[in-house]
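S.K.: Start from the sequences and build out the full structure, keeping to the hints where you can.
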Amino acid sequence: MTQHHESAGQHVTGEALYVHDRALRVPTAVHGWPVQSAHAHARVLRIDARRARAMPGVRAVLTGEDVRGAHRIGPVRHDEPLFPDEVEYHGQPVCWVFADSEAEARAAAAAVTVDYEPLPAVLTIGQAIEAGSFLTDPQTIATGDADGALAACEYTFAGELHIGGQEHFYLEMQAAFVHRDPSGGCHVHASTQHPTETQQTVAHVLGIGANQVVCECLRMGGAFGGKESQANGIAAIAALGCAATGRPASVRLDRPRDMSITGKRHTFLARYAAGFGRDGRLRALRVQLFS
Amino acid sequence: MNDSFRFVLNGAAVQVDGLDPHTTLLGWLRARGLSGAKESCAEGECGACAVVVVAAANGTDGSRYQTQNACLILLPEVAGAEVWTVEAVAGRDGLHPVQQALVQHGSSQCGYCTPGFVMTMFAHYYSAPRRRAAEALAGNLCRCTGYRPIRDAAEALPLPVYGDPFLARLQQAPPAAAAVAYEACGARFDRPASLDEALALRRAHPAATLLQGGTDLVVDSNLRGTRHAHVISLSAIESLRRCEERDGAFVIGAGVTWHELEERLAPRVPLLQQLISLFASPLIRARATLGGNLMTASPVGDAAPVLLALDATVECAAPGGLRRIALHDFFVGYRQTLLGDDEILAAVHVPVDQPTAARFYKVSKRELDDISSVAAALAVRLDDGVVTRARFAFGGVAATPMRALAAEDALVGRPLDATSLADCQRLVLAAFTPISDVRASEAYRSAMLGSLLAKFWHEVAP
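Line order of the protein sequences matches chains A and B. Each residue of the first sequence is one higher than the one before, counting from 1 in our numbering. Each residue of the second sequence is one higher than the one before, counting from 1001 in our numbering.
Careful, some of the hints might be misleading.
What the hints assert, rightly or not - The following label-pair restraints were derived from C-beta to C-beta distances:
no.	chain 1	residue 1	chain 2	residue 2	range
1	A	Arg286	B	Arg1414	54 to 60 Å
2	A	Ala131	B	Arg1389	58 to 64 Å
3	A	Arg271	B	Arg1132	43 to 49 Å
4	A	Leu285	B	Gly1225	49 to 55 Å
5	B	Ala1447	A	Ser133	32 to 38 Å
6	A	Gln166	B	Ala1173	48 to 54 Å
7	B	Val1412	A	Ala110	53 to 59 Å
8	A	Thr156	B	Asp1152	48 to 54 Å
9	A	Gln166	B	Ser1451	27 to 33 Å
10	B	Asp1164	A	Glu6	26 to 32 Å
11	B	Gly1225	A	Gly126	31 to 37 Å
Hints listed in this document are in silico derivations from the structure and should not be mistaken for laboratory results. Owing to the predicted nature of the structure, the values given are computational and were not obtained by experimental measurement. Here a beta-carbon is modelled for each residue, glycine too, at the ideal position from N, C-alpha and C.
M.R.: Structural data, given as structure tokens:
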């Protein structure tokens, strides 16, 4: 091989730095840990962080009240609340603890009590179809007359195909590290596939101009699509932690947190009917695809 | 009792003062800026945290480099040890041959797994003889490259050259495992140097947690934040690390690691050899112990079915003396054993006389490095084609590892044929009521019981 990876020499010596590696080099940094919902669907009635705030090393417990700018993020529909009033999945973060060390933040997060009003949860695609519970209007892609062609086919074959979801399993979990820039703006190190969107999100959430946010991504330890937009929320939380404490703020998810908080390549259900002739050629196909 | 200890890191002495004993070696390294070792799973499956420890060589007075998961090592465990990280592998003159090979072969894309592979390959480079590269790398995951360029690099490694200081170090003995009596941040960590001291500590502190390799306990601590007010590590007790042949039995100390077991004993116990190749990963086997696996007493722990099939007995030490218990009687409930509150598991006795034919089958979602859905250790003594003794031991189909006694009895005096198979399958199915859980359904487990017996008959019947 004549052409080596640009960073190969740094990979093999451990010199290549990833976001959390940078954060650990800043002794004044605070570290964030989430408080996660115990319910798949519930209203958040009350968050009691008094005990947590009194615990060693705790510098801030962030709730929706700490957000000056946009409360909802999300690339297209802006329908992802950072601090939900109504949790919509088991494990969804409802608030975040920042402390001098990750261990202290984690211990304090366990001391936060949240009162929920559990609501009915639709947990499978089948249940959602039955309940007519959809997040979008269906899109139709059609050509020709599928029904007519199916009816005219000598053979038809129908069935259902279930495709399980897939975790991206980037080896480096979600991580962001935010510190104040000497000019008063915000410097974000994020493991993100879309630094511009991360910059925009941080600016929106903080309620400041995008020109006051610099987003830097030197490298990621894998992403595979899982950091296309999901890195934004992590960076926003780190930015809020920095604003609330006045210190550089690190948020990195460990593997169980990452797998339970971030979305996956979704589960799919396909219901199909195919028509074909004696020659084995496919003549018609009708597919309903749910995800 | 003191609040500091020392060890040798990358060739230089370091002292640790006043840190919480729950701190892992990985966490400590990264907090000091030695961030080459990464966290990716915190449960010993991905190898991104791999570091190298200087350990005893097998059969000589010298040492060897051994790769271990830093995420599963509680910091006080490295007291007195010599630890190497990726930051110290390259020399003044440039990259180490292992690093060069990885660069040359395009073995990294995102690079996150790379330091872990460097350390695994570092130990592999200096090991003699070398295993197959794919086996040596089995405890490291990569999500980007598809593994081939990494494997190619490992297979292309040259031999160490004379004058290599890393090679020279291996001529001397490894560091001795020092006794530790450490307390900080409201938690205590003792590592006694003798079994008597350990028993005295246990009697004085019956609520303290006993620790061997830590490959289960520290997973729990990492993922669930479990804290132990007092840990008693048994890893420095030399008498627990012996492997001897005595009175017609192999006597395996409870502190013998799976790696040591593989080198010293497995060739004499074929059923154990079959298990070891499927047991976790090389990095885990460097730390995990036979005793620890038995004392975790998980219904899906793999050591128990194998040892049950071999009619093993366990030796429990108490201040008053030793007692022997048949493993068959040892598990009394879900994760519960007969070990007394003042006792420590000292050894496992396995009869030297082996069954005529034995198989260990592990049914799991992944071929390697996975927890069993169902495990079976099946053994028979045959005399002229007729079974004189049978042992059918299973994991994953009851609250404890368990033998199917009625099926064993029914086979005695019969050949391994279609009729005896059908009878035994029926009896095995009746003996267990497996549950459905994340790993497998009840129906699948029941189906496996029958299939594994059939597989055994097919492989073993003369």
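S.K.: All hints are to be evaluated individually against the structure, with a verdict given for each.
M.R.: Hint by hint, here is what the structure shows:
1. The given range of 54 to 60 Å is respected by arginine 286 of chain A and arginine 1414 of chain B, whose C-beta atoms sit roughly 58 Å from each other.
2. In this structure, alanine 131 of chain A and arginine 1389 of chain B meet the distance hint of 58 to 64 Å, their C-beta atoms being roughly 59 Å apart.
3. Distance hint check for arginine 271 of chain A and arginine 1132 of chain B: the Cβ-Cβ separation is about 47 Å, which falls inside the suggested range of 43 to 49 Å.
4. At about 51 Å, the beta-carbon gap between leucine 285 of chain A and glycine 1225 of chain B stays in the expected band of 49 to 55 Å.
5. The hint said 32 to 38 Å for the Cβ distance between alanine 1447 of chain B and serine 133 of chain A, and at roughly 36 Å that hint holds.
6. For the hinted restraint 48 to 54 Å between glutamine 166 of chain A and alanine 1173 of chain B, the CB-CB distance of approximately 49 Å keeps it satisfied.
7. The supplied range of 53 to 59 Å is met by valine 1412 of chain B and alanine 110 of chain A, whose beta-carbon atoms lie about 55 Å from each other.
8. At about 50 Å, the beta-carbon gap between threonine 156 of chain A and aspartate 1152 of chain B stays in the expected band of 48 to 54 Å.
9. Against the hinted window of 27 to 33 Å, the Cβ-Cβ separation of glutamine 166 of chain A and serine 1451 of chain B comes to about 29 Å, which satisfies the hint.
10. A beta carbon spacing of about 29 Å between aspartate 1164 of chain B and glutamate 6 of chain A agrees with the range 26 to 32 Å that was offered as a hint.
11. Between glycine 1225 of chain B and glycine 126 of chain A the C-beta distance comes to about 36 Å, which sits within the given range of 31 to 37 Å.
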